[in-house]
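Those sequence lines, one after another, are chains A and B.
For the first sequence, the positions run 1 to 77 when our numbering is used.
For the second sequence, the positions run 1 to 221 when our numbering is used.
Rather than coming from a laboratory, the hints here were simulated on the basis of the structure.
Using N, Cα and C, we set each Cβ at its ideal position, and we do this for glycine too.
Do not rely on the hints blindly, as some may be mistaken.
Claimed, not checked - No farther apart than 35 Å at their CA atoms in a straight line, the calculated lysine-lysine pairs in the DSBU-like style are these: (1) B:K62 <-> A:K9; (2) B:K125 <-> B:K95; (3) B:K69 <-> A:K58; (4) B:K138 <-> A:K61; (5) B:K31 <-> A:K24; (6) B:K69 <-> B:K99.
Claimed, not checked - One side only, chain A facing chain B, incomplete, derived with CB under 10 Å: (7) C3; (8) D7; (9) K24; (10) P38; (11) R41; (12) E48.
Residues per chain are reported as follows:
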Amino acid sequence: MACISPDGKPTLSGAKMLRALKAKAGSAEEVAQKAGLPLFRVRSGLRELDQAGLVSQKSEKYELSAKGSELADSLPA
Amino acid sequence: MEEVKEEVMSLPRLGQAAPPFEAVTTQGPLKLDDYKGSWLILFSHPADFTPVCTTEFIAFAKIYPELQKRGVELLGLSVDSVSSHIAWARNVEEKTKVKIPFPIIADLNKEVSTAYGMIHPGQSKTETVRCVFIIDDKQVIRTILYYPLTTGRNMDEIVRIIDALQTTDANGVATPANWRPGDKVVVPPPNTQEGAEERLKEGLKEGYECVDWYLCQKKLK
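Sequences and hints are given; from them, build the entire structure.
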């Protein structure tokens, strides 16, 4: 997986997306800009984070779930 | 006698919607939809750890920053595994100091290569030939290039095609042979007799350089 390692920890790009969403819920475009990642990677990554129950999508916006917030809080700054 | 059945699939053509796909890549699972709003160059190579493909991947990596400035992403493909792609990309970086920054599809089940007509049995029954599909931001196929297994692609031409297509889209013009950004562009020819006469009378006023009514060029402002 691109965002979550087999051991359940976020990868470098997964962590960037979680940090971007911890600051503020946003669209894939906004997350890409904040995380400094290409939009295609973010769309694919958000899909993966959604499937893992770490984010949820409301219309065009993504936000962290409780589980996602917990994981984002545990990331080194 | 055993009956041999060969499935005939319609191949993608210019101006058609690019066939959708969901594929395993070196940067995780990707869908064609993930590229909506960006231009995409989807290209295939015969196999990892082969000499011509290695020179091409280094060359694609080198033009990637120029392509990104134009809103274009790169996506490679071959009928190899993700592990093979990763090992090859790491080897290229180790030996040449060039990092492969774009994803590569591991098309082991040949789903994507079949949908895009990338396997030409006259060249190889198992490997993809050197295809380039230029897909625009609305996911329409704008250019298809096929190169044989033995001939590496010309990166300058790929960037030139992107520049030409984006100039056409932005200005409603065409581009002449060997066109480069900054050169004169071709004005669409009139399609009525009246229009042809007007083009010759009015063309000069509008700064056109005309050989005749059907061949007028101008500098873009």
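The hints, checked one at a time:
1. For the proposed pair K62 of chain B and K9 of chain A, the alpha carbon gap of about 32 Å is at most 35 Å, so the pair holds.
2. Taken as a hint, the K125 of chain B and K95 of chain B pair is honoured in the structure, with Cα atoms around 31 Å apart against an allowance of 35 Å.
3. Between K69 of chain B and K58 of chain A the CA atoms are separated by roughly 31 Å; this keeps the pair inside 35 Å, and the hint holds.
4. For the proposed pair K138 of chain B and K61 of chain A, the alpha carbon gap of about 22 Å is at most 35 Å, so the pair holds.
5. Taking the CA atoms of K31 of chain B and K24 of chain A, the gap is about 26 Å. The hint holds against a cut of 35 Å.
6. Distance restraint check for K69 of chain B and K99 of chain B: the Cα-Cα separation of roughly 18 Å lies within the 35 Å cut-off, and the hinted pair is therefore satisfied.
7. Given the 10 Å rule on beta carbons, the hint for C3 of chain A holds: about 7 Å separates it from the nearest Cβ of chain B.
8. Interface restraint check: D7 of chain A against chain B, minimum CB-CB distance 16 Å, threshold 10 Å, status violated.
9. Hint on K24 of chain A is violated. Least Cβ distance to chain B is approximately 21 Å, over the 10 Å limit.
10. For P38 of chain A, the shortest C-beta to C-beta distance to chain B is roughly 7 Å, which falls under 10 Å, so the interface hint holds.
11. With 10 Å as the threshold, the beta carbon of R41 of chain A comes within range of chain B, its nearest partner Cβ sitting at about 6 Å, so the hint holds.
12. A cut of 10 Å between beta carbons decides the hint on E48 of chain A: the least distance to chain B is about 7 Å, and the hint holds.
Against the hints set out earlier in the document, violations occur for numbers 8, 9.
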